[in-house]
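Now for the letters of each chain:
There are 2 protein chains.
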Amino acid sequence: MLKPFLFCVALAGSASTVFAQTPPADSVVIRSIYNEALTNDKAHDWLRYLTQQIGPRLSGSEGAKKAVAWTKQLMEQQGFDRVFLQDIMVPHWVRGAKEEAYILADKQKTVVPIAALGGSVATPAKGVQAQVVEVKGLKEVEQLGQAGIKGKIVFFNRPMDPTKINTFEAYGGAVDQRGSGATFAAKFGAVGAIVRSMTNALDDFPHTGSLRYGPGVPLIPAAAISTNGAEKLSALLKANPALTFYFKQNCESLPDAPSHNVIGEIRGSEKPDEIIVVGGHLDSWDLGQGAHDDGTGCMQSIEVLRILKALGYKPKRTIRAVMYMNEENGLRGGVGYADYAKKNNEKHIAAIESDEGGFTPRGFGIVGTDAQKAKVLTWRNLLTPYGLHEIGVGGGGADIGPLAQLGTVLFGFKPDTQRYFDYHHTAADRFEAVNKRELSLGAASMAALTYLIDQYGL
Amino acid sequence: MLKPFLFCVALAGSASTVFAQTPPADSVVIRSIYNEALTNDKAHDWLRYLTQQIGPRLSGSEGAKKAVAWTKQLMEQQGFDRVFLQDIMVPHWVRGAKEEAYILADKQKTVVPIAALGGSVATPAKGVQAQVVEVKGLKEVEQLGQAGIKGKIVFFNRPMDPTKINTFEAYGGAVDQRGSGATFAAKFGAVGAIVRSMTNALDDFPHTGSLRYGPGVPLIPAAAISTNGAEKLSALLKANPALTFYFKQNCESLPDAPSHNVIGEIRGSEKPDEIIVVGGHLDSWDLGQGAHDDGTGCMQSIEVLRILKALGYKPKRTIRAVMYMNEENGLRGGVGYADYAKKNNEKHIAAIESDEGGFTPRGFGIVGTDAQKAKVLTWRNLLTPYGLHEIGVGGGGADIGPLAQLGTVLFGFKPDTQRYFDYHHTAADRFEAVNKRELSLGAASMAALTYLIDQYGL
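So the sequence lines, in the order shown, correspond to chains A and B.
Counting along the first sequence from 1, when you hit position 56 you're at 56 in the UniProt record's numbering, and nothing is skipped either side.
Counting along the second sequence from 1, when you hit position 61 you're at 61 in the UniProt record's numbering, and nothing is skipped either side.
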C-alpha cells in the first residue's frame, strides 16, 4: 500500500519537497523520515567521534567534560534554534589503578577479572583476603546472619534468568545484588562483596554498575566479577569451601563536580510552549566507550532533530534533544532537568528516551493514562510497517522518569535487546558493537513518533 | 498471563515432566520449549565446531564432505530414530589462487578487493585489462549496445536500496546484476564483468555468490568488487573515463561431484507418514565459515529435534531435520530431496527453513492456501509473546521451494535481518558474528511452530 508513495518520495529526490505543497499523508511523512535516516544518516559518524575520539564519559571525568563541549558544538552546527547547557553538580567517583583479584585454593592461585562497583570504597592498600560465602540473593544473607557472614567476603552469584525473553526483566530480577549486596553483607560483618556480572553471556568482562550503601552500615568494598570468573569461583568453592579470595581496588569518591545537561531545540511554530523531549544520557561507565550505553541514544536524539530539519518539517510544538548527564551513578541530570522544567513552568507533553541500546526497533513503552495510550495505539498501522509492533509494553527511561510528576507522557524506545547485556557496562561497549542500519532505524522510529505527537498532541 | 505457567515449569526442573501427566496447554508447552532452548542450548556449541573446526563447505569441497560426515554423526549421537544420507551429484567449482585487481588511472595503481563470482570462468593467465563502462543495471547494457560495450569491462554498480526496511527486498532488487550481468555484458562483446557487492554496508569485503551464464553467449570472467572498491572505481571513473581496470582470477568448474543431503528424524506416533521438515543448507561459500549462511539454520534444525526430545515430547507426526547440500550454487539438494519425497510417495505436510541468518526471531513467512495461512494465524497469540509478530509475510526458502509441488506448506523462518548482508557470502561470515541468545531464540521459535503443526496439522 505504501509503495506508490514511497516511489514518489524517492523520485522527488530532495526530501525537503515533501512539505512544499499541501500537507502530505502521515504515511508519506513517515516514509520520508525513514528514507532520510537510511540514506543520509549522521548518527553513526557522530557516534564514532563520541566513542573513539572522546571515549568513556563517567560523571566528573575529563571525558564527560569533552563530551559536553563537543555535543553542544555539534548541535550548534546543525543550526538548531537554541542550544544551551544546564548546570548540574554530579558525583565524582574514580576507579584509580586497575583492580586485582584471585582465588587461593589448595595453594593454587587463580586470577579472575573484577571491576569495582561504581561508588564503592577502595580496599585497604594491601587488599582484602578472606573466606567466601556464596549466596543466591539478599535474603540468604539475612538467613545466614552474623554467624555465617562475619569476617567473610559475600559472593552474590544469582544469574540473570535466561528464560526471560525480555532481557531487561532478567536484569531487573538480578540487579538487587549489585545495588544492595554490599549493604546487606556489611550489616552482618562481611569484609567485602563480590557480585556476579549482570549478563546472560559467559564472558571474561566484569560488568560494572552502581551500588548504594545503606545508612548506618560500614562501607565495605564491592566489585563485579566476570561471569566466567563467577563460575570458576563457584566450582572451586564446591570442591574447597575453605578457599580464600583476594581483591584489591583503588577507587574513591571525590567531591561533587560541576557538569551539565546539553540541550538543543527546534522551536514550535504553533504551540512553542508545548515541549516534546527526545533524549539519552551523555555519561557512560569508564570501562568501555559508552557506545550502546548510551552514546547511541544521544546521537539518535540529535539525529531526530536533524532528520526533521532536513525534511523541511516545521514542527507545531517545540522539539528538544536533551543529553542528560549522570544517569549511571546519580541521575542528577534527569532530576535536575525536571526541576528546571518545573521552575520555568515549561509544559512537557511527551518525553522519549533511547537507553536500551542502538539495536533494531521493536516498539515503544508508554507511561501515561489509558486514554493517552489508546491515542498512541491509533497510530499503530503507521508504525508496524517499520517493525514497531510492541507499543505500550513496559516503561520509559531513567532520565525522563522525573518528568512524570509534571504530567508528561513518557516513551521508552524499545529496540531488540537480546545482545544488550553482552556489552552493558563493560570494556566491550565499543563503537564496533553498533550496527549502522540498526542505529538509523532507531533514530527514524523516534523521529516518526515525535512527528505524530507533534501533529496530534497527547 | 503466561507467568504462572512459566514459574511452574521452571520449578518443575526437568522439562521431561511437562508431558508426564494429562496434555498441558499449548502455552505451557511453548514456554517449556523456550526454557529448554535458553537454558540448555546446544546449537551454539555445534555451530562453533561446524564453523571453526570444519569451516567453509562449498559443494564438492573437502569441507562439505567433512560437514556431511560430522552432521550425520551428530544426529546419530542425539539418538534420533533414523539418520541417513541421500546421494546427490553437485557442481564442483573451485576458486583457485586469490584474485588480484587494480584500477589504473593517471599512472596511479589502486588495488581493490574482488572475489570471483561462483561459477565464473577464470581470466586468461595474464589477466584481463580494459576500459570500464559503469552501468546501474542490465537494461542499460542493452541500451549501450555493442558500440558502448565491446572490448570493455562492464561495471554493474546499482546499490541495494537502503530505504527498504526488509533487507531481502533490497537484495532482490539488486541481485540480477550478479546473476545475469556477465551474460548481458557478454552478449555485446564485453571482456569481463565487475559487480558491486550485495550489501548496504560500505566495507572492504567482496561479497561473492553465483552467476548464471546464458545459452549461446561467450563465458566472460565475472567478479564481485567490495562496496568501498566500487565507490572508489566509480569516483575515479568520473574523473577519468578512460582509466583501465585489471583483474585476474583462477577459478574453474570441475566435473560434478558426489555429495549428500543429511537427514535425521523422530518418528511420529500417530501419523508417522505425515512428515514435517525443518531444515537449512549445509553447504556455504568458500570465503568465510558459513556461519549465518547457513550453519545457523542447520544447527537450529537439529536443535529443534533435540529440544522436543529433551522435553519428552512424542510427536504425532514424523519430524525430520534436513541438511540440504548445494543451495548456494545449484540447489541440487533441494530439488533432489523433493524428487526423493515424490518417488517414495512421502506426504510432506509442512517444511520450515531457516536461511536468513541466526538473528532474533520476528516471524514466519508462509506459502500455502488462504485457509492454511488462516489456520496458522489462529496460533498468533501463542507466538507473539516471543516476538513473532510477522506471521505470513513473505515466502519460504530456496531449499524447500521444490516441495511446493507436493502440496507442502512452506514456512520461511524470519529473523531480524538488518545485519545479515554485512556478513552474507563474505570472509566476515564467521562464528563470532552469531549471538548465542539470538540463535537459541530462533531454534525455539522453529520448535514452537513445529509443535503446533504436529498437534493440529495444516
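No lab work stands behind these hints, which were simulated from the structure alone.
A portion of the hints provided could be inaccurate.
The list makes no distinction among identical chains, and a pair is therefore deemed to hold if it is satisfied within one copy or across any two copies.
[Stated by the list, open to error] Within a straight-line C-alpha distance of at most 30 Å, the following computed BS3-like cross-link-like pairs (lysine-lysine) qualify: (1) Lys164 with Lys373; (2) Lys164 with Lys314; (3) Lys232 with Lys42; (4) Lys309 with Lys164; (5) Lys343 with Lys187; (6) Lys126 with Lys342.
Outcome of the hint check:
{"no.": "1", "hint": "Lys164 with Lys373", "result": "both (25 Å within a copy, 29 Å between copies)"}
{"no.": "2", "hint": "Lys164 with Lys314", "result": "between (42 Å within a copy, 26 Å between copies)"}
{"no.": "3", "hint": "Lys232 with Lys42", "result": "between (44 Å within a copy, 21 Å between copies)"}
{"no.": "4", "hint": "Lys309 with Lys164", "result": "between (40 Å within a copy, 22 Å between copies)"}
{"no.": "5", "hint": "Lys343 with Lys187", "result": "neither (40 Å within a copy, 75 Å between copies)"}
{"no.": "6", "hint": "Lys126 with Lys342", "result": "neither (49 Å within a copy, 76 Å between copies)"}
When held up to the earlier numbered hints, the structure conflicts with 5, 6 and fits the remainder.
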